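Taken in order, these protein sequences are the chains called Y and U.
Counting in the working numbering, the first sequence runs from 29 upward without gaps.
Counting in the working numbering, the second sequence runs from -6 upward without gaps.
Hints may contain errors.
[Claimed, not checked] Below 27 Å or equal to it, Euclidean Cα-Cα: the simulated DSSO-like pairs (lysine-lysine) are:
#, chain 1, residue 1, chain 2, residue 2
1, U, Lys174, U, Lys149
2, U, Lys99, U, Lys174
3, U, Lys119, U, Lys146
4, Y, Lys106, U, Lys99
5, U, Lys146, U, Lys174
6, Y, Lys173, Y, Lys65
7, U, Lys154, Y, Lys65
8, U, Lys90, Y, Lys65
9, U, Lys90, U, Lys119
10, Y, Lys173, Y, Lys106
11, Y, Lys65, U, Lys99
12, Y, Lys57, Y, Lys173
13, U, Lys90, U, Lys154
14, U, Lys174, U, Lys90
15, U, Lys146, Y, Lys57
To be clear, the hints were calculated from the coordinates, so they are not data collected in a lab.
These figures come from a predicted structure and were not determined experimentally.
Below, each chain spelled out in residue letters.
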Amino acid sequence: MRTQLLAMLCTASLLPALAVAGDAVLPGKPAPDFALKDTAGENQRLADWRGEVVLLSFWAEWCGRCSDQLDQLEQIRKEYAGRGVRVVAVNIDGPATAARAAAARSGLTVLHDADQAVARQYALSNLPLTVLVDPHGTVRHVHEKYRGGDAALYDEELAALLQE
Amino acid sequence: MAMTRIELHMATAALLVGSLLAIQAVHAAEAPAVAATASVDSEVQVLKDEVLDLNRELFLLEEELLFPANTQVAVFVSMDVGDFFDLDSVQLRIDDKPVSNYLYTKREVKALLRGGVHRIYLGNLKTGEHELTAVFTGQGPHERDYRRGATLKVEKGIGAKFVELRISDRESKQQPEFLVKEWE
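From just these sequences and the hints, can you work out the full model?
Have a look at this one:
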């Protein structure tokens, strides 16, 4: 419990620093490319998913809203299976335990950003950070934090992107 | 001088795009016959090709400006065979400063094995001696984790410098081999 609290404080205290590290991710701009390991140890690169709509979400174990969002993301993944949508959850905790557990209980593509280098690229300042990337690799929507009802908004935005 | 050329190219590109749109607008308004449509299509195609050519030139000019030949250093990664090594990442340091850390996906490794060459770094270095260190990680024979470094001292002269990081198999030792060499 103490370790978890310490980890939470450490990561939370890093968030403002992460925010100043990179340029804010803005709709209409290309999504910064990155490569990270998934929970099976395979390297995955964002650019390899060109042609698909990518719903990218940055999360951490200590963030309560993040776990609510992960459940909703899993629903979205199931709903859009086989329709050219990839739901990717990027875990920013130091140890990979939470990332592995999330991958085990869902079908989400879970990547692990242990040194938070990608979080810095995406100027992460609030969790969860959700970025919708279109099939051309352009950022289309950015959402910070998570409120009940946001999943319906993601759903709406995904449907609109798929119709383009 | 180079900036003027870029501006000139950008102005020409803008002019071409403008003409392209104007042609499309005029022809759309006239409800053209089939033959005329074909002719407009080919004109539009020619203009599109010219815009692409200009873009390419612009890209080269930009690269010339950012990385002038007298300071330019480019480092490439290539792979040959790869039976004894499954590449995961390459970390590159120049004069003990990390300049690139690249994770390779399965797709990228496949491309390298098919003869592709990946430019892992493009930057500027002053003339003189520099030390370049590459650390390769992946899986070696019998799927064991493998990490190996290779170092090269390069003498940066007036011209551009190209360095290749080559991963190949040494059949006799049943081991991978990592070479860092300069392109002449």
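Outcome of the hint check:
1. In summary, the hint linking U/Lys174 to U/Lys149 is supported, as the alpha carbons are separated by about 14 Å, within the 27 Å threshold.
2. Of the pairs offered as hints, the one joining U/Lys99 and U/Lys174 holds, with about 25 Å between alpha carbons and a cut-off of 27 Å not exceeded.
3. Using a Cα cut-off of 27 Å, the hinted pair U/Lys119 and U/Lys146 holds, with the two alpha carbons roughly 14 Å apart.
4. Taking the CA atoms of Y/Lys106 and U/Lys99, the gap is near 26 Å; set against the 27 Å cutoff, the hint holds.
5. Taken as a hint, the U/Lys146 and U/Lys174 pair is honoured in the structure, with Cα atoms around 10 Å apart against an allowance of 27 Å.
6. With a CA separation close to 24 Å, the supplied pair Y/Lys173 and Y/Lys65 stays within the 27 Å bound.
7. Note on U/Lys154 and Y/Lys65: the hinted pairing is violated, with a Cα-Cα distance of about 32 Å set against a maximum of 27 Å.
8. With a CA separation close to 24 Å, the supplied pair U/Lys90 and Y/Lys65 stays within the 27 Å bound.
9. Simply put, U/Lys90 and U/Lys119 have alpha-carbon atoms about 15 Å apart, close enough for the 27 Å limit, and the pair holds.
10. At most 27 Å may separate the alpha-carbon atoms for a hinted pair to count; Y/Lys173 and Y/Lys106 meet this at roughly 22 Å.
11. Between Y/Lys65 and U/Lys99 the alpha-carbon distance is near 12 Å, which keeps this suggested pair within the 27 Å criterion.
12. For the given pair, Y/Lys57 sits about 21 Å from Y/Lys173 by alpha-carbon distance, which is consistent with the 27 Å threshold.
13. A distance of roughly 18 Å separates the Cα atoms of U/Lys90 and U/Lys154; the hinted pair therefore holds under the 27 Å criterion.
14. Proposed proximity of U/Lys174 and U/Lys90 is supported: the alpha carbons are some 19 Å apart, at most 27 Å.
15. At most 27 Å may separate the alpha-carbon atoms for a hinted pair to count; U/Lys146 and Y/Lys57 exceed this at roughly 40 Å.
Figure legend: structure checked against the earlier numbered hints; hints not met, in rising order: 7 and 15.
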